[in-house]
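Protein chains in written order, with our numbering: chain A, 1 to 324; chain B, 1 to 324.
Hints should not be assumed to be uniformly reliable.
As the list claims (entries may be wrong) - Cut-off 25 Å, straight-line C-alpha distance, at most; resulting in silico cross-link-like pairs (DMTMM-like, lysine to aspartate or glutamate):
id, chain 1, residue 1, chain 2, residue 2
1, A, Lys299, A, Asp264
2, A, Lys299, B, Asp142
3, A, Lys299, A, Glu86
4, A, Lys227, B, Asp142
5, A, Lys221, A, Asp192
6, A, Lys299, A, Glu133
7, A, Lys299, B, Glu135
8, B, Lys299, A, Glu135
9, B, Lys227, B, Glu248
10, B, Lys227, B, Glu180
11, A, Lys299, A, Glu248
12, B, Lys221, B, Glu200
13, A, Lys320, A, Glu278
14, A, Lys299, A, Glu278
15, B, Lys320, B, Asp142
16, A, Lys227, A, Asp271
17, B, Lys227, B, Glu186
18, B, Lys299, B, Glu278
19, A, Lys320, A, Glu133
20, B, Lys299, B, Glu266
21, B, Lys221, B, Glu266
22, B, Lys227, A, Asp142
23, B, Lys299, A, Asp39
24, B, Lys299, B, Glu135
25, A, Lys42, B, Glu135
26, A, Lys227, A, Glu180
27, B, Lys227, A, Glu40
28, B, Lys42, A, Glu103
29, B, Lys227, B, Asp271
30, A, Lys227, B, Glu103
Bear in mind the hints are in silico, worked out from the structure with no lab data behind them. Computed from a prediction, not measured in an experiment: that's the story for all the values here.
2 protein chains.
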Amino acid sequence: VRPDSTMPTPTRILLSRSAAPLVERIAALCPEAELHFEDELKERPELLGEIEIVFGGLTPEQVTAAPRLRWMQSMGAGVERLLTPEVRAHPFVLTNARGIHAETITEHMFGMLLMHCRRLAGAWDLQQQRRWEPERFRSRLDLLAGKTLGLLGLGAIGSHSARVGRGFGMRPIGLRRRPEPHPDVEQVYGPDEALEFFAECDVVMNSVPLTERTRHLMDRKAFAALKPGAIVINTGRGATIHTEALMEALRRGQMGAALLDVTDPEPLPPDHPLWVMENVYITPHYSGWRPDYVEHTGKIFLTNLRRYREGAPLMNVVDKDEGY
Amino acid sequence: VRPDSTMPTPTRILLSRSAAPLVERIAALCPEAELHFEDELKERPELLGEIEIVFGGLTPEQVTAAPRLRWMQSMGAGVERLLTPEVRAHPFVLTNARGIHAETITEHMFGMLLMHCRRLAGAWDLQQQRRWEPERFRSRLDLLAGKTLGLLGLGAIGSHSARVGRGFGMRPIGLRRRPEPHPDVEQVYGPDEALEFFAECDVVMNSVPLTERTRHLMDRKAFAALKPGAIVINTGRGATIHTEALMEALRRGQMGAALLDVTDPEPLPPDHPLWVMENVYITPHYSGWRPDYVEHTGKIFLTNLRRYREGAPLMNVVDKDEGY
C-alpha cells in the first residue's frame, strides 16, 4: 500500500474494451489501481458500486448506479445522450475527447464538399460501368474558390476548417455564442444575427454539439434565410438540424446539397426519404474517426489520470448544464 | 477601312464554337475583323489559307495548311498533341490558357484524395443500398494531416496545392526542373534527385505538362523508389506515368492508391484493367473544367487580342520546342 494519503486506495478503474492497448501505461501511472473492463459488469453488476474512475461510456442508468464515481473520461466529444437530469445532479466530473477531431472532421467535411462540387460520386458510378464520358460532368461542376464558408461554432473544428477554407480561396465567416472577432474568419455573427449569417453562406459547415441551445439551430427560418443554392454539411449531431425543414428546402430547390455524416433519426432507417433524395450524400457517422483514435483519446485520459492523482484540474471538463 | 497602318486588313479570326458568347466583345475590340466559326471550314476548307488568328483548337494538319496564321490561342493548357515538327517549324505564335486551372485542378485533386482517405466512394455505394454501417469504415480511414505532399512541378497548380496542403497540416515538398527554393514548399528537389523525392512522398500530385522531358517521368524506377503506401494523383497527362509500371506497383501492394483524371491510353478503353483495380479511382479528364471556363479562357484571349493589335508581347506564350 502506497503511503500517499491523498490517494483513495484501492482505486477501481473501469475501462472500455477498446482501451486494452493502454493497460500497461495506466498501470505504470497508477500501480495500486484495480483495472476492470466493462465486460465484467455483465457477470458482476455490483462492481459498478465501487468504481471511482471510468474511461469509456456508461449509460445514464449506470452512472446513477455508481455512487462512488468521481471522474469519467468519455471516448468521444458528444455527451448529449448521457446528460439526463439525474446524471447532471451526480457530482462526478465528466471530461470528453474534444480537440482530437479537428483534423479528421475538417478533412471529412471538405471531402464530402469536394466530392459534390467535382461530381466524384457520379464519376465513381461511371467507373464501375467502365465508361469514359467527360461531357456528363463539364456543365455541372462547382468551385470552392470565391465562395463564402459559414462555420457554425469556432472551436477546434471550426477554426481548422476556416483556415483550410481560406487556403482554397474561400471567405470564412462564423456564427458563435460569443461574437468576438476571431483570427481565422472575416466576420463573426452572434446568435441574434443567425439569419443574416445564413443569408451570406454558400457553404455551411455545422459541427456544433447538441445542447438545449443548438437543438434545431437550423430550423425552417434558417433554411428560408439560407442563400439560394447553399450547401449544408453536418458532422455534429443530427438534431441540430430540423430534418423536415431540411428536406423541404431540398425539395423546393433552395439548397444546393446536404452532406450529412449525422442524421435525425440515427441510424437512418432504410425507408427514410433522405437516403434517395437528389443532392444528398450520407456517411454513417464516422467523420470523427481516425486511424489512431484510441491512441489519441488515450493520451487525454492518461494526462487526466496523472492530474487526477496530483489533485490538479482536469482538461476537457464538460459543463454538464451547458452540455459540452 | 480603318486608317491604322499597323493593322493588316481585313483580319480574319477563326473561333471555336464555344467562343460564341464572346463575339460582341471581340468585335468591339477589333471592329474591322472578319469573324468565322470553325464549323465553316467544313464547307469552305480554303478559308484556312486566309486565317490570321485562331481562338480554339486546330489540328497539326490544319496549322500547316494555314500559311497566314500568325497567332493561335488554345482553349486549354496542354498542347502536346499539336506540336509536331511541322507545327514547331511554322512561325505562328502559340499561346495557351495556363493559370486558369490552378483552383479547379487543386480542388479536384484534393477531392479525389479525400474521397479515398475518407472512404466516400464506399459510403456512396452503401447509401444507394440504404445501409447505415459505420463499422465498415472505421478501421480503413486515413488522415492528410502530418503526411508529406510531393508536388511534381511548382507552377500555378503546384503552388496552390502546396498552400492548401499546408492548410491541412501536410508537409509540402516539390520536384522541378530548376530546384531553387520556393516559398510554398519546405524542400525543392531537382531532376537528379527524383528518386529521393519519391521516397519522401506519402502523396504525389502530378499535374505536369507532357513534354519530351516528362514522358514517363514516373517509370519503374520511380515506383520502386516510392514510399510504401503512397497515393499517386495524376491530372496532367496520362503519359507522364508509365501505365504498366503503375499497375505493377498497385498489384504488388506498394502503392496506397492511384487517383487518375488522365490515363494512357485515353480515353481508357472499356476492357482496360485499370477500371477495376482496387484502390484506383478514375475521373474522365475533367479536372480542369470549371463552371465559367470559356469566360476565363476568353479573358486571356481578349487580353492577348488587345496586345496583338498594339504589337505588345502576348501572355502565356508557349515555347514550342520545350512543349509548354
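Hints, verified against the model:
1. For the suggested pair Lys299 of chain A and Asp264 of chain A, the alpha carbons sit about 31 Å apart, so the restraint of at most 25 Å is broken.
2. About 20 Å separates the Cα atoms of Lys299 of chain A and Asp142 of chain B, which keeps this hinted pair within 25 Å; it holds.
3. With a C-alpha separation of about 29 Å, the suggested pair Lys299 of chain A and Glu86 of chain A falls outside the 25 Å cut-off, and the hint is violated.
4. Between Lys227 of chain A and Asp142 of chain B the CA atoms are separated by roughly 33 Å; this puts the pair beyond 25 Å, and the hint is violated.
5. Of the pairs offered as hints, the one joining Lys221 of chain A and Asp192 of chain A holds, with about 13 Å between alpha carbons and a cut-off of 25 Å not exceeded.
6. Straight-line distance between C-alpha atoms of Lys299 of chain A and Glu133 of chain A comes to about 48 Å, which puts the hinted pair past the 25 Å bound.
7. This hinted pair checks out: Lys299 of chain A and Glu135 of chain B have alpha carbons roughly 23 Å apart, not beyond 25 Å.
8. Of the pairs offered as hints, the one joining Lys299 of chain B and Glu135 of chain A holds, with about 23 Å between alpha carbons and a cut-off of 25 Å not exceeded.
9. A threshold of 25 Å between alpha carbons decides the hint, and for Lys227 of chain B with Glu248 of chain B the separation of about 15 Å falls inside it, so the pair holds.
10. At most 25 Å may separate the alpha-carbon atoms for a hinted pair to count; Lys227 of chain B and Glu180 of chain B meet this at roughly 24 Å.
11. Taking the CA atoms of Lys299 of chain A and Glu248 of chain A, the gap is about 43 Å. The hint is violated against a cut of 25 Å.
12. Restraint check: the Cα-Cα separation between Lys221 of chain B and Glu200 of chain B comes to about 14 Å, which is no more than 25 Å; the hinted pair holds.
13. Between Lys320 of chain A and Glu278 of chain A the alpha-carbon distance is near 39 Å, which puts this suggested pair outside the 25 Å criterion.
14. Simply put, Lys299 of chain A and Glu278 of chain A have alpha-carbon atoms about 42 Å apart, too far for the 25 Å limit, and the pair is violated.
15. Distance restraint check for Lys320 of chain B and Asp142 of chain B: the Cα-Cα separation of roughly 42 Å exceeds the 25 Å cut-off, and the hinted pair is therefore not satisfied.
16. The straight-line distance between the Cα atoms of Lys227 of chain A and Asp271 of chain A is roughly 30 Å, outside the 25 Å bound, and the hint therefore fails.
17. For the proposed pair Lys227 of chain B and Glu186 of chain B, the alpha carbon gap of about 18 Å is at most 25 Å, so the pair holds.
18. About 42 Å separates the Cα atoms of Lys299 of chain B and Glu278 of chain B, which puts this hinted pair outside 25 Å; it is violated.
19. Taken as a hint, the Lys320 of chain A and Glu133 of chain A pair is broken in the structure, with Cα atoms around 54 Å apart against an allowance of 25 Å.
20. A threshold of 25 Å between alpha carbons decides the hint, and for Lys299 of chain B with Glu266 of chain B the separation of about 29 Å lies outside it, so the pair is violated.
21. Simply put, Lys221 of chain B and Glu266 of chain B have alpha-carbon atoms about 23 Å apart, close enough for the 25 Å limit, and the pair holds.
22. This hinted pair does not check out: Lys227 of chain B and Asp142 of chain A have alpha carbons roughly 33 Å apart, beyond 25 Å.
23. At most 25 Å may separate the alpha-carbon atoms for a hinted pair to count; Lys299 of chain B and Asp39 of chain A exceed this at roughly 67 Å.
24. Of the supplied pair hints, the one linking Lys299 of chain B and Glu135 of chain B is violated, its CA atoms being roughly 50 Å apart against a limit of 25 Å.
25. Restraint check: the Cα-Cα separation between Lys42 of chain A and Glu135 of chain B comes to about 23 Å, which is no more than 25 Å; the hinted pair holds.
26. Restraint check: the Cα-Cα separation between Lys227 of chain A and Glu180 of chain A comes to about 24 Å, which is no more than 25 Å; the hinted pair holds.
27. The suggested pairing of Lys227 of chain B with Glu40 of chain A is violated, with an alpha-carbon distance near 44 Å, which exceeds 25 Å.
28. As the CA atoms of Lys42 of chain B and Glu103 of chain A are separated by approximately 56 Å, the hinted pair breaks the 25 Å bound.
29. Using a Cα cut-off of 25 Å, the hinted pair Lys227 of chain B and Asp271 of chain B is violated, with the two alpha carbons roughly 30 Å apart.
30. Simply put, Lys227 of chain A and Glu103 of chain B have alpha-carbon atoms about 23 Å apart, close enough for the 25 Å limit, and the pair holds.
Of the numbered hints stated above, those contradicted by the structure are hints 1, 3, 4, 6, 11, 13, 14, 15, 16, 18, 19, 20, 22, 23, 24, 27, 28 and 29, listed in ascending order.
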